Amino acid sequence: MSESTACHNANQTCWSCPAVEFKGHVDFRACGQAAFRKAAEGQLVVECKRRPEIGYFDPTSITFEHCTEWKKTDSGYLLDGMRVLILGMDGYLGWPLALKLAKLGCKVYGIDNLLRRKLVSERGAQSVIPIETMENRVKAANEELGVEINFQEIDLMDRDALFAYIKEVQPESIVQFAEIPSAPYSMADVDKAVDTIQNNVVGTLGLLFGVRDHAPDASIIKLGTMGEYGSPLTGRPLFEGLFPGDAVLQYKGEEWSLGGELTPRDPVSFYHVSKVQGTFSVYEACKYWWLRSYDVMQGVIYGNHSDELAAHPSLATRFDIDEWWGTVVNRFVAQAVIGMPLTIYGSGNQLRGYITLKDAMQCITRLIAAPPEPGQYDVVNQVTDVMSVKQIAQTVATIGAEFGLDTEVQRIENPRVEAEEHPYEVIHDKLSENFGFASESSFEDEVRGMFEVLTKPEAVARIKEQESKLFPTTKWSGESAKLKVLETWKPEIKDKAA
Amino acid sequence: MQISDEIFADKVLKSEQPVLVDFWASWCPPCKMMQPLVDRLHDELTGTAEIVSINIDQNPQTAAEYKIAGVPTFVSFRNGQEVTRKTGALTENQLRKMIDTASEQNQAA
Numbered sequence: 001m002s003e004s005t006a007c008h009n010a011n012q013t014c015w016s017c018p019a020v021e022f023k024g025h026v027d028f029r030a031c032g033q034a035a036f037r038k039a040a041e042g043q044l045v046v047e048c049k050r051r052p053e054i055g056y057f058d059p060t061s062i063t064f065e066h067c068t069e070w071k072k073t074d075s076g077y078l079l080d081g082m083r084v085l086i087l088g089m090d091g092y093l094g095w096p097l098a099l100k101l102a103k104l105g106c107k108v109y110g111i112d113n114l115l116r117r118k119l120v121s122e123r124g125a126q127s128v129i130p131i132e133t134m135e136n137r138v139k140a141a142n143e144e145l146g147v148e149i150n151f152q153e154i155d156l157m158d159r160d161a162l163f164a165y166i167k168e169v170q171p172e173s174i175v176q177f178a179e180i181p182s183a184p185y186s187m188a189d190v191d192k193a194v195d196t197i198q199n200n201v202v203g204t205l206g207l208l209f210g211v212r213d214h215a216p217d218a219s220i221i222k223l224g225t226m227g228e229y230g231s232p233l234t235g236r237p238l239f240e241g242l243f244p245g246d247a248v249l250q251y252k253g254e255e256w257s258l259g260g261e262l263t264p265r266d267p268v269s270f271y272h273v274s275k276v277q278g279t280f281s282v283y284e285a286c287k288y289w290w291l292r293s294y295d296v297m298q299g300v301i302y303g304n305h306s307d308e309l310a311a312h313p314s315l316a317t318r319f320d321i322d323e324w325w326g327t328v329v330n331r332f333v334a335q336a337v338i339g340m341p342l343t344i345y346g347s348g349n350q351l352r353g354y355i356t357l358k359d360a361m362q363c364i365t366r367l368i369a370a371p372p373e374p375g376q377y378d379v380v381n382q383v384t385d386v387m388s389v390k391q392i393a394q395t396v397a398t399i400g401a402e403f404g405l406d407t408e409v410q411r412i413e414n415p416r417v418e419a420e421e422h423p424y425e426v427i428h429d430k431l432s433e434n435f436g437f438a439s440e441s442s443f444e445d446e447v448r449g450m451f452e453v454l455t456k457p458e459a460v461a462r463i464k465e466q467e468s469k470l471f472p473t474t475k476w477s478g479e480s481a482k483l484k485v486l487e488t489w490k491p492e493i494k495d496k497a498a
Numbered sequence: 001m002q003i004s005d006e007i008f009a010d011k012v013l014k015s016e017q018p019v020l021v022d023f024w025a026s027w028c029p030p031c032k033m034m035q036p037l038v039d040r041l042h043d044e045l046t047g048t049a050e051i052v053s054i055n056i057d058q059n060p061q062t063a064a065e066y067k068i069a070g071v072p073t074f075v076s077f078r079n080g081q082e083v084t085r086k087t088g089a090l091t092e093n094q095l096r097k098m099i100d101t102a103s104e105q106n107q108a109a
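Order-wise, the sequence lines are chains L and H. If you count by this note's numbering, then the first sequence holds residues 1 to 498, one letter each, in order. If you count by this note's numbering, then the second sequence holds residues 1 to 109, one letter each, in order.
These aren't lab readings, by the way, just hints derived from the structure by calculation. This structure is a prediction, so every number in the text was calculated from the model and none was measured. For every residue, glycine included, the Cβ atom is placed at its ideal position computed from N, Cα and C. Mixed in with the good hints, there may be bad ones.
SDA-like, lysine to any residue: derived pairs with alpha carbons at most 20 Å apart [said to hold, decoys possible]:
1. L:Lys252 with H:Gln94
2. H:Lys97 with L:Val248
3. L:Lys287 with H:Gly70
4. H:Lys86 with L:Ala247
5. L:Lys287 with H:Thr87
6. L:Lys118 with L:Lys72
7. H:Lys86 with L:Thr488
8. H:Lys97 with L:Trp256
9. H:Lys86 with L:Pro244
10. L:Lys464 with L:Ile129
11. H:Lys86 with L:Glu440
12. H:Lys67 with H:Gln17
13. H:Lys97 with L:Ala247
14. L:Lys252 with H:Gly70
15. L:Lys464 with L:Ser388
Cβ-Cβ distance ranges computed for the label pairs, FRET-style [stated by the list, open to error]:
16. L:Tyr56 with H:Gln35: 27 to 37 Å
17. H:Lys86 with L:Asp189: 49 to 59 Å
18. H:Lys86 with L:Tyr251: 17 to 27 Å
19. H:Glu82 with L:Gln198: 44 to 54 Å
20. L:Leu249 with H:Asp10: 34 to 44 Å
21. H:Gly70 with L:Asn11: 22 to 32 Å
22. L:Gln198 with H:Gln81: 51 to 61 Å
23. H:Lys86 with L:Gln250: 37 to 47 Å
24. H:Thr87 with L:Val485: 53 to 63 Å
A few chain L residues facing chain H, derived, Cβ under 10 Å [claimed, not checked]:
25. Val147
26. Leu242
27. Asp246
28. Ala247
29. Val248
30. Lys252
31. Gly260
32. Leu262
33. Trp290
34. Pro372
35. Glu373
36. Asp378
Work out the full structure, taking the sequences as your base and the hints as a guide.
In structure tokens, the structure reads:
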């Protein structure tokens, strides 16, 4: 079979399609147990909401490839004008996703309470790349890309408004990005920890009820995090959310299959705890109410590039670099640009999974294109590279040298409570094997691209303005003593062959 | 190897070999995770035993007839008769034992 021409979801059938309504005697059960159905009640049939003229038919009889409603794109077959609702559309990920899906022909809707802008501003920081208001972005998307994006300023916690919007939009896929994503923020004090849990856990819980009542056929793409798993010192591989079928528990001479059970979680901050709780909420909702979901354990995201974002400056997505809201690769590039030593916490041997913004958007799109079946909960590990913080610092310094930057690296007392020396094997096969994902980025190229943008004078000025926010002050312990610098060095930059 | 309501009798009840039937559903994580193991055993034991999978939502007749109340449920057959059944994910050893037990049924009869 030609891998390059076959779409990953060509052979999915109406069984997974959100446009289908199950008729007949489908008897949705609770608690993972099948109900005992009387055979006399007849065959399972469905009706298509988009093509009611077909009448009742067998849901396994038509594939996405053959259905006239599913159109071929380079991200797989997509429902024509698929209605996608992005929660958190104003965010680092939400906005690029909105642009990508709109460009692919989806009808994109989104909400945001604009909290991120407020919290970053309160911190005395700002997006290093200037971003427009949502109103102007939507206008620019229309002018520059010819797409219509629908945005409403709605808070996920305002359930009346949220439910009304879900009922109005009738989404066929929902992407839940509307969470407070900062680990150090969630550890800073009790109010911030509570706010994080409230927004992320209670917000997601409310969403699930809203989906049940107003759009039960929509797939829910829930953003989780690799941080849910932690980093077990035993070196146990980090499976994709569920134990494989040949995983066995042996104890006192007996053995049991662990196949399909949720893998252990060991989160590393109250933010990560909120993600674990979100996982359980979604898992339960799929069981109780036949909702369908992909739980995305995403690696640390970095980069600021996508084809749609590059179309015009007004379309830029936010780029945070401060201790609370910036992720490590983004922060290191910014630090190198202003000649501030790159701040490694502790040994720098901590290993994590990473993925670029562009690759992450491809993954999410492919998940949207291949919905789970009713009641199905599945997990993917959304990671392309596993790297140590030291490796990242070395690479950033090396590429910074290409831009004439002379970079120092510093190890500081670790503000976090985490293992600094640990094995880390991430299983991340599903996105490529089941969803046709192929990385379009490389770590070095993405870092180079960021240097190109951040070394421009306007960007340098914006980084300098928040220089004092780049050195961490938030300790997991809650103490407020200043973190000590343990070691400073200049990485060896190997001269590239001419 | 997936079978359906229509061919269940032919493939399972009329088989001359012991048959292990894996009743599964797409909303059942253990069922999905066990599929590769079941497929591997199917390939390995071709000739000595049949191992088939049947989706209970798409094949409600068979699921109802065998009173499947939880998934995965593994049911072994010999000469058209049910031998044993177990509900819940199984280890490879446990699956092989079910097949062996069903094989032995023939000799006992």
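Structure-based check of each hint:
{"no.": "1", "hint": "L:Lys252 with H:Gln94", "in the structure": "holds, 16 Å"}
{"no.": "2", "hint": "H:Lys97 with L:Val248", "in the structure": "holds, 16 Å"}
{"no.": "3", "hint": "L:Lys287 with H:Gly70", "in the structure": "holds, 13 Å"}
{"no.": "4", "hint": "H:Lys86 with L:Ala247", "in the structure": "holds, 18 Å"}
{"no.": "5", "hint": "L:Lys287 with H:Thr87", "in the structure": "holds, 18 Å"}
{"no.": "6", "hint": "L:Lys118 with L:Lys72", "in the structure": "violated, 40 Å"}
{"no.": "7", "hint": "H:Lys86 with L:Thr488", "in the structure": "violated, 61 Å"}
{"no.": "8", "hint": "H:Lys97 with L:Trp256", "in the structure": "holds, 14 Å"}
{"no.": "9", "hint": "H:Lys86 with L:Pro244", "in the structure": "holds, 19 Å"}
{"no.": "10", "hint": "L:Lys464 with L:Ile129", "in the structure": "holds, 13 Å"}
{"no.": "11", "hint": "H:Lys86 with L:Glu440", "in the structure": "violated, 46 Å"}
{"no.": "12", "hint": "H:Lys67 with H:Gln17", "in the structure": "violated, 23 Å"}
{"no.": "13", "hint": "H:Lys97 with L:Ala247", "in the structure": "holds, 17 Å"}
{"no.": "14", "hint": "L:Lys252 with H:Gly70", "in the structure": "violated, 27 Å"}
{"no.": "15", "hint": "L:Lys464 with L:Ser388", "in the structure": "violated, 27 Å"}
{"no.": "16", "hint": "L:Tyr56 with H:Gln35: 27 to 37 Å", "in the structure": "holds, 29 Å"}
{"no.": "17", "hint": "H:Lys86 with L:Asp189: 49 to 59 Å", "in the structure": "holds, 52 Å"}
{"no.": "18", "hint": "H:Lys86 with L:Tyr251: 17 to 27 Å", "in the structure": "holds, 19 Å"}
{"no.": "19", "hint": "H:Glu82 with L:Gln198: 44 to 54 Å", "in the structure": "holds, 52 Å"}
{"no.": "20", "hint": "L:Leu249 with H:Asp10: 34 to 44 Å", "in the structure": "holds, 38 Å"}
{"no.": "21", "hint": "H:Gly70 with L:Asn11: 22 to 32 Å", "in the structure": "holds, 28 Å"}
{"no.": "22", "hint": "L:Gln198 with H:Gln81: 51 to 61 Å", "in the structure": "holds, 58 Å"}
{"no.": "23", "hint": "H:Lys86 with L:Gln250: 37 to 47 Å", "in the structure": "violated, 18 Å"}
{"no.": "24", "hint": "H:Thr87 with L:Val485: 53 to 63 Å", "in the structure": "holds, 59 Å"}
{"no.": "25", "hint": "Val147", "in the structure": "violated, 34 Å"}
{"no.": "26", "hint": "Leu242", "in the structure": "holds, 5 Å"}
{"no.": "27", "hint": "Asp246", "in the structure": "holds, 5 Å"}
{"no.": "28", "hint": "Ala247", "in the structure": "holds, 8 Å"}
{"no.": "29", "hint": "Val248", "in the structure": "holds, 5 Å"}
{"no.": "30", "hint": "Lys252", "in the structure": "violated, 15 Å"}
{"no.": "31", "hint": "Gly260", "in the structure": "holds, 3 Å"}
{"no.": "32", "hint": "Leu262", "in the structure": "holds, 8 Å"}
{"no.": "33", "hint": "Trp290", "in the structure": "holds, 7 Å"}
{"no.": "34", "hint": "Pro372", "in the structure": "holds, 8 Å"}
{"no.": "35", "hint": "Glu373", "in the structure": "holds, 4 Å"}
{"no.": "36", "hint": "Asp378", "in the structure": "holds, 8 Å"}
This entry does not satisfy hints 6, 7, 11, 12, 14, 15, 23, 25 and 30, going by the numbered hints stated previously.
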